[in-house]
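Participant: Chain by chain, the residues:
2 protein chains.
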Amino acid sequence: MTEPEREPTAGGLSRRRLFGTAGAGAALLGAGVAAGVVGDRALHDHGAATGSAVPAVERRYPFHDGHQAGIATPVQDRLHFAAFDVTTDDRPALIDLLRRWTAAAARLTQGLGAGELGPTSGPYDAPPDDTGEAIGLPPAGLTLTFGFGPSLFRDDQGRDRFGLAGRQPAALRRLPHFPADKLDPARSDGDLCVQACADDPQVAVHAIRNLARIAFGTASVRWSELGFGRTSSTSTGQQTPRNLFGFKDGTANLKAEEPGLLDDHVWVPAGADPRAEWLAGGTYLVARRISMAVEPWDRTSLREQEALIGRTKAAGAPLSGGSEFSQPDFRLAGRGGEPLIAADAHVRLAHPDANDGVRMLRRGFNFVDGTTGLGRLDAGLFFIAFVRDPRTHYIPMQTRLSATDGLMEYLQHTGSGLWAVPPGIAEGSFVGEALFS
Amino acid sequence: MTEPEREPTAGGLSRRRLFGTAGAGAALLGAGVAAGVVGDRALHDHGAATGSAVPAVERRYPFHDGHQAGIATPVQDRLHFAAFDVTTDDRPALIDLLRRWTAAAARLTQGLGAGELGPTSGPYDAPPDDTGEAIGLPPAGLTLTFGFGPSLFRDDQGRDRFGLAGRQPAALRRLPHFPADKLDPARSDGDLCVQACADDPQVAVHAIRNLARIAFGTASVRWSELGFGRTSSTSTGQQTPRNLFGFKDGTANLKAEEPGLLDDHVWVPAGADPRAEWLAGGTYLVARRISMAVEPWDRTSLREQEALIGRTKAAGAPLSGGSEFSQPDFRLAGRGGEPLIAADAHVRLAHPDANDGVRMLRRGFNFVDGTTGLGRLDAGLFFIAFVRDPRTHYIPMQTRLSATDGLMEYLQHTGSGLWAVPPGIAEGSFVGEALFS
Chain A
1 MTEPEREPTA
11 GGLSRRRLFG
21 TAGAGAALLG
31 AGVAAGVVGD
41 RALHDHGAAT
51 GSAVPAVERR
61 YPFHDGHQAG
71 IATPVQDRLH
81 FAAFDVTTDD
91 RPALIDLLRR
101 WTAAAARLTQ
111 GLGAGELGPT
121 SGPYDAPPDD
131 TGEAIGLPPA
141 GLTLTFGFGP
151 SLFRDDQGRD
161 RFGLAGRQPA
171 ALRRLPHFPA
181 DKLDPARSDG
191 DLCVQACADD
201 PQVAVHAIRN
211 LARIAFGTAS
221 VRWSELGFGR
231 TSSTSTGQQT
241 PRNLFGFKDG
251 TANLKAEEPG
261 LLDDHVWVPA
271 GADPRAEWLA
281 GGTYLVARRI
291 SMAVEPWDRT
301 SLREQEALIG
311 RTKAAGAPLS
321 GGSEFSQPDF
331 RLAGRGGEPL
341 IAADAHVRLA
351 HPDANDGVRM
361 LRRGFNFVDG
371 TTGLGRLDAG
381 LFFIAFVRDP
391 RTHYIPMQTR
401 LSATDGLMEY
411 LQHTGSGLWA
421 VPPGIAEGSF
431 VGEALFS
Chain B
1 MTEPEREPTA
11 GGLSRRRLFG
21 TAGAGAALLG
31 AGVAAGVVGD
41 RALHDHGAAT
51 GSAVPAVERR
61 YPFHDGHQAG
71 IATPVQDRLH
81 FAAFDVTTDD
91 RPALIDLLRR
101 WTAAAARLTQ
111 GLGAGELGPT
121 SGPYDAPPDD
131 TGEAIGLPPA
141 GLTLTFGFGP
151 SLFRDDQGRD
161 RFGLAGRQPA
171 ALRRLPHFPA
181 DKLDPARSDG
191 DLCVQACADD
201 PQVAVHAIRN
211 LARIAFGTAS
221 VRWSELGFGR
231 TSSTSTGQQT
241 PRNLFGFKDG
251 TANLKAEEPG
261 LLDDHVWVPA
271 GADPRAEWLA
281 GGTYLVARRI
291 SMAVEPWDRT
301 SLREQEALIG
311 RTKAAGAPLS
321 GGSEFSQPDF
331 RLAGRGGEPL
341 IAADAHVRLA
351 HPDANDGVRM
361 LRRGFNFVDG
371 TTGLGRLDAG
381 LFFIAFVRDP
391 RTHYIPMQTR
401 LSATDGLMEY
411 LQHTGSGLWA
421 VPPGIAEGSF
431 VGEALFS
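Chains as they are written, first to last, in the numbering used here: chain A, 1 to 437; chain B, 1 to 437.
It should be emphasised that the hints constitute simulated quantities derived from the structure, not laboratory data.
Heads up, a few of these hints could be off.
[Claimed, not checked] If you anchor each label on the Cβ, the simulated ranges turn out as follows: (1) A:H177 / B:A186: 22 to 32 Å; (2) A:P185 / B:R173: 36 to 46 Å; (3) A:T372 / B:H177: 24 to 34 Å.
Virtual Cβ for every residue (Gly too), placed ideally from N, Cα, C.
With these hints in hand, go ahead and build the complete structure from the sequences.
Facilitator: And the structure:
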């Protein structure tokens, strides 16, 4: 299978081990060695890794787990999100794709090539089973998270292409139209979705590109979006990132260290939906491409900006006082008797107190997609939230926000999607297997 | 100027010093302290910085120098490139914009806010003079490089709006049409360009966004492109990056450590063009958005891929043998008498031997701009080259490549631009001042 004179690469070797700075004398490793180890220093140690903390680009997250990775995993800095349309009506072909995607994802997330042969081995007269642009790159904390859209169960013509309609979760419907939505169908929906998060954009892009390659003939990319977060791997990892309005975003986000709250708000419990028991332990992924009018925003006063958000720009503290993590006091009034946090401030309307106590696990990324036809930056927030039920945990809040949030003057939702995210994948299984069994 | 109760930020403080992990007890620094210091550990020291090498995100490059930064500067990992159209015919307004851009760039590249007050100080009822999304982020090696397009001297209607036509360099003409060009006017040309390179995308985006804000009423963004390179700050910094064909790209690139070659091939010498003496010490920036048909490429054999490039995929060695940095032997024949490096191989046609010995300083970035209407990744290489004269150093080679390079089957040039890049900026001056004096 290998041609020694052509610098063979065996499938079981990590990209880095073969080509990286510590690549001398690479030894064959059993495939099992690489799996399930988070930040294994022995495999990935190299000159630049110092101190006790594993640098972000060297991190690896286990692929096989009770929940899919990329949800409660610490948020990486880069995103490549892709929605796919299944181009066949053949149920076995769909299952086969999910099997092949699962196998590739298990490898890619551990820093290996997409296929067993790797980008430069295998038959010289066949296409490589990995595209190669990630050769030499570390795992970069890559996670791959798969979701099933409403149209996989019943397409826009109402057809049940794959015999799945009877198992469609009741909550898995296309999101309703919200006031001020201006959705682009070419940036919305999709039968399948894959969220690739990593601390190196090339690693995230490489993963999506190889999954698209593997899907050739069965599914094709409907749309995709690249996003970036805050600073790179030398950050403390705890600082709240800033959105393109210059404000801290996601201060009140659920944290992975709050398993009880994740059970309450993120994971679908067993028995939640008798038709969709296959989704127990999974969640729903809400994606919204939120375009931000940054140029008009940049011409508003600091006072106006802070009033619309309800927090200070510098520290992110509620306008009612304290510091970033202080609870906002919505009743506290200032001079003149007006509340310090205005009635239409974003922090008030998005707060659990205004939303029946619901909370979301958010994983948003900033995006800049060049310019609009009007010479403005085509920029904004690619909002991702994981919730146990969009009917209680997203739709009511977004209905309220889109009608009353003062910030909406500067926002336009231009893309949208909802997917059911199956639970974690056991070794030997494939993503969503319980749906098909 | 500051409002102490509102977490004041003085203009002379770095973003990091104020808000970063080492931010306690920030002291006022003279503005001069921050300037001209590359990787000043004292200013930027924090917990994650270890070892003797300065992490990429902590690097700062001097703004005032004999040449503009961002040309011979070690290539950073992220790009935000923007082309601007000047929306006024008023020469003093153009000069004023260049002054204000210069002042902002001198600050931004040192990790400071775009304006003297910063994102959260200044009059509370005025727009902040910095947009704030880079608060807390390190300088990230940001460089800002400015260029003047042919249309600044004479617009498409032939008008000399700013009285500059008499000083237009003879070499500064819109690039000719090359075979197989499929240029999108909305991704081509522009009166001005700004290349922002940094090791953090948010820092690069922040810089372009603030320069666009400053230009409001005088110039607007015509188009912009985001790019990414290879791995992030823990890399050795010496590894040749890979393009989206999975091959190493730029092996034969000019290096900053070759000043003699830079003089020969990059910097415009004094006396080169009597009408454009203002450009001496500057260079020309050629930008080409090269779309790559990655899906068809992924279905070709490793043999075909290597034959088209003329190098091995794994190590990047010429097919005539050796290692990555070995000189290709174009005469060496294999079995059957055919040359090991084919007649239409990219490495042969792009080699200086086939191009009168000319060399370029390249600064290319991979891009992925979502998907095309055909469900393919809208991906490729945003090619940037700096040359002393495009008539000798780019046009002949591209004419030959576009007609004969076997790789062209998988490439389409979809954007194009040429700009004259003035020399470095002395303290108290502004970019291109000699053009206006």
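Participant: Compare the structure with each hint and give your call.
Facilitator: The hints, checked one at a time:
Roughly 30 Å separates the CB atoms of H177 (chain A) and A186 (chain B), a value that falls within the hinted 22 to 32 Å. Against the hinted window of 36 to 46 Å, the Cβ-Cβ separation of P185 (chain A) and R173 (chain B) comes to about 42 Å, which satisfies the hint. Our hint of 24 to 34 Å for T372 (chain A) and H177 (chain B) holds, since their Cβ atoms are close to 27 Å apart.
Checked against the numbered hints above, the structure breaks none of them.
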